[in-house]
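For the sequence shown, position 208 (counting from the first letter as 1) is numbered 218 according to our numbering, and the numbering increases by one without interruption.
Since the hints were derived computationally from the structure, they do not count as laboratory data.
For clarity, every value in this text was computed on a predicted model and none was experimentally measured.
A portion of the hints provided could be inaccurate.
As the list claims (entries may be wrong) - In silico BS3-like links for lysine-lysine, alpha-carbon gap of 25 Å or less:
1) Lys262 to Lys225
2) Lys225 to Lys74
3) Lys227 to Lys81
4) Lys142 to Lys187
5) Lys227 to Lys157
6) Lys81 to Lys157
7) Lys81 to Lys187
8) Lys227 to Lys262
9) Lys74 to Lys157
10) Lys225 to Lys317
As the list claims (entries may be wrong) - Label pairs and their computed distance ranges (CB to CB):
11) Gly91 to Arg118: 35 to 45 Å
12) Gln228 to Glu249: 51 to 61 Å
13) His26 to Glu267: 32 to 42 Å
14) Ser21 to Lys318: 39 to 49 Å
Ideal Cβ positions, reconstructed from N, Cα and C, are used throughout, including at glycine.
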Amino acid sequence: MQLQIQDIHKSYGDNHVLRGLSLNVSSGQALGLLGRNGAGKTTLIRIIMNVFPADSGQILLDGKPFLRTSKTIGYLPEEKGLYADISLIRQLVYLGMLRGLTRDEAVRASDYWLDRLSMTGYREQNLETLSKGNQQKIQLIASLLTKPEIVILDEPFSGLDPVNVMMMREIVSDIVKEGRIVILSGHQMPFIEQVCQNIAILDNGVIDLAGDLVKIKQTYPRNTIEIRMEEEGQRLPAERTAEILRELMTTKGIRFEEVSVQNGRRVLVTLEEANDRGHLLDALAGSGLSVERFFVVEPTLEDIFLKKTGYTREDLAADERASQESLAEAPMTKKRRGGLFGSRKRGA
């Protein structure tokens, strides 16, 4: 199975959001859809979901026009919208039946996912009583009830603690192993790197870079080194190590892009030229300094994204904050209207 996105254009007035975007995703793949805020990620997802049409271009499934049905595609939107004052099991069963399941099938699917996500104890509770992280898990369940062939997750890690992030990664991995397609959009690069075999970076409405992440990494220079230093048998503080390295490389004429300290203890040196790794090692050896660790670091997805887009880590953090603030301002739930769910019954 292959989802083919061909030459998609979309404009809002004079704003040309998507400019002939093309992309393929195959069965058994998780694709990380990346881009700065406003790059066109959510617009593309909404076109795939047929929320609104493209101005031109087409979306095919195995070479034929993609007929979006509730059983074919599951969607976890960035902006959530389940019902606050309805029990979890009642609205999950309701949503499952809307998407073509029988009541018994919907109950079984709901109970399976509630158990899988450690939510069985909340089965009869209303959504408004849950934390935002647990509400996010219910939104995920709603997107997976019909075992869709294509799963689209927009900011799926929002509100999740580390344990639930790990659970989310396992679920995505299992979906991929079953031969389905996953498209995952978000700002949390480390999480996306862990679950996605393929990436696509959008910039100004076009695909700037796409492909197998391992192969993409192989094309990037390995010019970042992790260094740890000792003095009298004790590890030097990271900030002191960074200071020594800056002075040493400046003195020796070794050109570097940056010396950074991560998590308060990890010192990374990014050289302008990967060939200068040997020169730096020689300089350290000749300085009389004690080096505990000199390790060439593989470029991360975040490194690749920053190099490709010209963004800085500060820009990326600002984008993520803006996204989180937007989600925090938008309610994750809505109130029921009239008799939408009929009379109340316990246990679905």
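Just pull the numbers of the violated hints for me, sorted ascending.
1, 2, 3, 4, 5, 8, 11, 12, 14
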